[in-house]
Every structure is written in C-alpha cells, then in structure tokens.
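**Student:** Sequence lines, in order, name chains R and H. Take the first sequence: its letters are residues 1 to 151, numbered as in our numbering. Take the second sequence: its letters are residues 1 to 86, numbered as in our numbering.
None of these hints come from the bench; they were simulated from the model. Be aware that a few hints might be false.
[Said to hold, decoys possible] In silico DSS-like links for lysine-lysine, alpha-carbon gap of 27 Å or less: (1) H:Lys56 - H:Lys37; (2) H:Lys4 - H:Lys37; (3) H:Lys27 - H:Lys37; (4) H:Lys27 - H:Lys40; (5) H:Lys40 - H:Lys56; (6) H:Lys45 - R:Lys68; (7) R:Lys86 - R:Lys97; (8) R:Lys97 - H:Lys4; (9) H:Lys4 - R:Lys3; (10) R:Lys97 - H:Lys27; (11) H:Lys56 - R:Lys68; (12) H:Lys56 - H:Lys27; (13) H:Lys4 - H:Lys45; (14) H:Lys37 - R:Lys86; (15) H:Lys56 - H:Lys4; (16) R:Lys3 - R:Lys86; (17) H:Lys40 - H:Lys4; (18) R:Lys68 - R:Lys97.
[Said to hold, decoys possible] On the chain H side, residues computed to face chain R include the following (Cβ under 8 Å): (19) Asn10; (20) Gly13; (21) His15; (22) Lys37; (23) Leu51; (24) Ser52; (25) Lys56; (26) Ala79.
Since the structure is predicted, the reported quantities are computational estimates derived from the model, not experimental observations. Where a beta carbon is used, it is the ideal one built from N, C-alpha and C, also for glycine.
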Amino acid sequence: MLKELLEQNRVEIYDGFDNWQDAIRGCCHSLIADGSITAEYAEAIIENVLQYGPYIVIADDLAIPHTKVNARGVLSNGISFTKVRKPVEFEPGNPTKNARLIFTLAANDMDGHFAHMERLSELLLDSEAFRGLQEADDIESIRRLAERLGV
Amino acid sequence: MVEKTITVVNPSGIHARPATLVVDFCKVYPCTVEVVKGEKVGNLKSILMILSMGLKRGTEITLRVSGENEEAFLDSLVAYILNLED
C-alpha cells in the first residue's frame, strides 16, 4: 500500500500546523491535487470531528481523517499519507489524541471504504512498518521502508 | 469462556466511530474479549484489529469472552453491538 501511495504522489511530509483544522486541510492536499476530492471534503471532515469528537485518532500517534461515504467533496475512492513532524493536537490538552501519522480516507461507496480500512489497518498492525513511519523524516526514507518491508 | 454469534446490523457496519465505541466499552472489562470472523480472530480492545476485519453490515461474527462475570458481560456486549446506531 505504501509503494502504491508513493507512486500516486499521495505521500507528503509537513513540519507542523497551527491547529488540527489546518492539519486536516493540509492532509487533504494530495487528494485534491489528483482530483480525488475537492477542498470541501476537508471542511466536511472538520465538521464531523466537531460533532463527534476526535474519534479519527484510532491509536497512539495515528489519525485517519475521513467522514461519511459519499460526503460532499468526494469524487472518487482515495487514500493519502501525511507525516507531520510536530504532533497534531486533535484534542488540545489531551496528549493521547496527538498524532504524527495521518492517513486521509475518501470513499464514494461503502465497499471501497471498508477495503481501504482493511488494507490500511493490516499495514499499521505491522509494528515494524508503524515504527518505520514514525521514524521516517523524508519521502526517501519512506520509499526505502516500503521497499524493505514490501508494503 | 463463553461465546455468541450475531450479525452486524447497524447500517454502516463497524467502521471507525462504532469501533471506537466498542473498544471503549470492552476496555473497562478486565479480561479477554475477542471477535471471530471466519478464520480471523481479533482483539476487541484494539481499533486497528477491528478495522482490519472488515465488519460490514450483514457480517456474521462470534463474540468470545473469558474472565470474571463473562456471561453477564457477553450479554451486555451483544446488546451494545446490536444497538449501535451507525
């Protein structure tokens, strides 16, 4: 999955963002650039987090911004990876909701969404891959990680 | 150890938000809580594990609990999952 994301130019690295809303907008960048979503999708995700809380942080250091299938702004199924050097505080004051690894998911059908989730969670259950992404500081090191692990 | 087989009924299946709710529900229980789908067995206290199993609406799953008061907890877990809103 990582190799595929690299080939699709859907891997980006940022130093940090002023707040979690800007982080979500930034993490949508590569999917906007390739036409999978419009900027509206980032706003739909932000509204969802404001409504339901930071449930998109699903493990320590890991967030998966997304919202409903066929939300406004979704043009096709897509997934991107963003590494943020300075942890994004999805619930300021609660460090258990901080994340540097951010996979943004967009889906226009339920099967596509579940297929993404299954592949992504299998990748992240591999502790070597997870740790490697935490340590990676540039695109080249992510590329080497993907090749070394065959993921 | 006690177990019960149910079908996922909430419209969107057990995706990220419901998975978070199920994990929070199970975490307060001090013993082992697992979900079985076909040959896959996952820890119900791990969101990533739940998401890796693809628990869509209509999926048949077996819930497996072992520990103190396991029967009472299994009953409450079944009710909780069957009543997930979305």
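**Student:** Look at each hint and say if it fits the structure.
**Tutor:** Each hint tested on the structure:
1. Between Lys56 of chain H and Lys37 of chain H the CA atoms are separated by roughly 11 Å; this keeps the pair inside 27 Å, and the hint holds.
2. A distance of roughly 12 Å separates the Cα atoms of Lys4 of chain H and Lys37 of chain H; the hinted pair therefore holds under the 27 Å criterion.
3. Taking the CA atoms of Lys27 of chain H and Lys37 of chain H, the gap is near 20 Å; set against the 27 Å cutoff, the hint holds.
4. Between Lys27 of chain H and Lys40 of chain H the CA atoms are separated by roughly 21 Å; this keeps the pair inside 27 Å, and the hint holds.
5. A threshold of 27 Å between alpha carbons decides the hint, and for Lys40 of chain H with Lys56 of chain H the separation of about 15 Å falls inside it, so the pair holds.
6. For the hint pairing Lys45 of chain H with Lys68 of chain R, the CA-to-CA distance comes to about 24 Å; that is within 27 Å, so the pair holds.
7. In summary, the hint linking Lys86 of chain R to Lys97 of chain R is supported, as the alpha carbons are separated by about 13 Å, within the 27 Å threshold.
8. Restraint check: the Cα-Cα separation between Lys97 of chain R and Lys4 of chain H comes to about 33 Å, which exceeds 27 Å; the hinted pair is violated.
9. For the proposed pair Lys4 of chain H and Lys3 of chain R, the alpha carbon gap of about 40 Å is over 27 Å, so the pair is violated.
10. About 17 Å separates the Cα atoms of Lys97 of chain R and Lys27 of chain H, which keeps this hinted pair within 27 Å; it holds.
11. Using a Cα cut-off of 27 Å, the hinted pair Lys56 of chain H and Lys68 of chain R holds, with the two alpha carbons roughly 14 Å apart.
12. A hinted pair counts as satisfied when its Cα atoms are at most 27 Å apart, and Lys56 of chain H with Lys27 of chain H qualifies at roughly 22 Å.
13. For a cut-off of 27 Å, the pair hint linking Lys4 of chain H to Lys45 of chain H stands: about 17 Å separates their Cα positions.
14. About 38 Å separates the Cα atoms of Lys37 of chain H and Lys86 of chain R, which puts this hinted pair outside 27 Å; it is violated.
15. Between the alpha carbons of Lys56 of chain H and Lys4 of chain H the distance comes to roughly 18 Å, so the proposed pair stays at or under 27 Å and holds.
16. Of the pairs offered as hints, the one joining Lys3 of chain R and Lys86 of chain R holds, with about 24 Å between alpha carbons and a cut-off of 27 Å not exceeded.
17. Between Lys40 of chain H and Lys4 of chain H the alpha-carbon distance is near 16 Å, which keeps this suggested pair within the 27 Å criterion.
18. The hinted pair formed by Lys68 of chain R and Lys97 of chain R meets the criterion: a straight-line CA distance of about 21 Å does not exceed 27 Å.
19. A cut of 8 Å between beta carbons decides the hint on Asn10 of chain H: the least distance to chain R is about 12 Å, and the hint is violated.
20. Interface hint status for Gly13 of chain H: upheld, as the beta-carbon distance to the closest one in chain R is roughly 7 Å, under 8 Å.
21. Of the supplied interface hints, the one on His15 of chain H holds, with its beta-carbon coming within about 7 Å of a beta-carbon of chain R, less than 8 Å.
22. The beta carbon of Lys37 of chain H is not positioned within 8 Å of any beta carbon in chain R (closest approach about 11 Å), and the interface hint is therefore violated.
23. Given hint, Leu51 of chain H at the interface with chain R, holds; its Cβ is 4 Å from that chain's nearest Cβ, closer than 8 Å.
24. Look at Ser52 of chain H: its Cβ gets to within about 4 Å of chain R, closer than 8 Å, so that hint holds up.
25. Evaluation of the Lys56 of chain H hint against chain R yields a held restraint, the C-beta minimum of about 5 Å falling below 8 Å.
26. Of the supplied interface hints, the one on Ala79 of chain H is violated, with its beta-carbon coming no nearer than about 21 Å to a beta-carbon of chain R, more than 8 Å.
In terms of the numbered hints stated before, the structure departs from hints 8, 9, 14, 19, 22, 26, listed from lowest to highest.
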